[in-house]
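Use the sequences and the hints to build the structure in full.
Letter by letter, the sequence shown follows residues 19 to 162 in my numbering.
Simulated from the structure, these hints should not be mistaken for lab results. Just so you know, even glycine gets a beta-carbon here, dropped at the ideal spot from N, CA and C. No incorrect hints appear here.
Pair by pair, the computed Cβ-Cβ distance ranges are:
id	residue 1	residue 2	range
1	ARG90	ALA36	20 to 26 Å
2	TYR125	VAL148	14 to 20 Å
3	ALA36	ILE154	29 to 35 Å
4	THR87	PRO35	30 to 36 Å
5	PRO57	ASP140	23 to 29 Å
6	PRO159	ARG50	44 to 50 Å
7	ARG50	PRO110	24 to 30 Å
8	SER145	HIS48	17 to 23 Å
9	THR157	ASP49	41 to 47 Å
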Amino acid sequence: MIDIAIFGNPSQRTDSPALLRFLRALAARHDRIRLYAEPAFRKSVISAADLGPMLHFLTLGHSGGQAPTRFRLALSIGGDGTFLTTARAVGPHGIPIMGINSGHLGYLSAIEIEKAHDLVSDIVEGSYTVSPRTAIEVTSPARR
Numbered sequence: 019m020i021d022i023a024i025f026g027n028p029s030q031r032t033d034s035p036a037l038l039r040f041l042r043a044l045a046a047r048h049d050r051i052r053l054y055a056e057p058a059f060r061k062s063v064i065s066a067a068d069l070g071p072m073l074h075f076l077t078l079g080h081s082g083g084q085a086p087t088r089f090r091l092a093l094s095i096g097g098d099g100t101f102l103t104t105a106r107a108v109g110p111h112g113i114p115i116m117g118i119n120s121g122h123l124g125y126l127s128a129i130e131i132e133k134a135h136d137l138v139s140d141i142v143e144g145s146y147t148v149s150p151r152t153a154i155e156v157t158s159p160a161r162r
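Shown next as structure tokens:
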């Protein structure tokens, strides 16, 4: 069984036919994968996609939450901001992130949502290549 974490931007349109088709196709593979979505995104797509119990709550870093290391893959559905949020949550644990662009700009989230459905089998089978990226951290003194 493969555990996949889904991060999404609930302020973007979450009822797009391409997104719902992708999520339903993933959920249909519940014999091989378990999907966990962060609460705000889960709430925004659960009724539109009719996923019910197949989309579990993702609670990283909370008391009683899932350990980030249990996930084999994180899906970031949104734009570059969502990708960066996903990277902060799972990047330190070495979990690969697949960026799926459902917004306007997608330099980090390069896969278009309309093409994501074609990748479901590859995701389930683990037939993808992980390209390591360098991350930098910028800090600045507090403003007075």
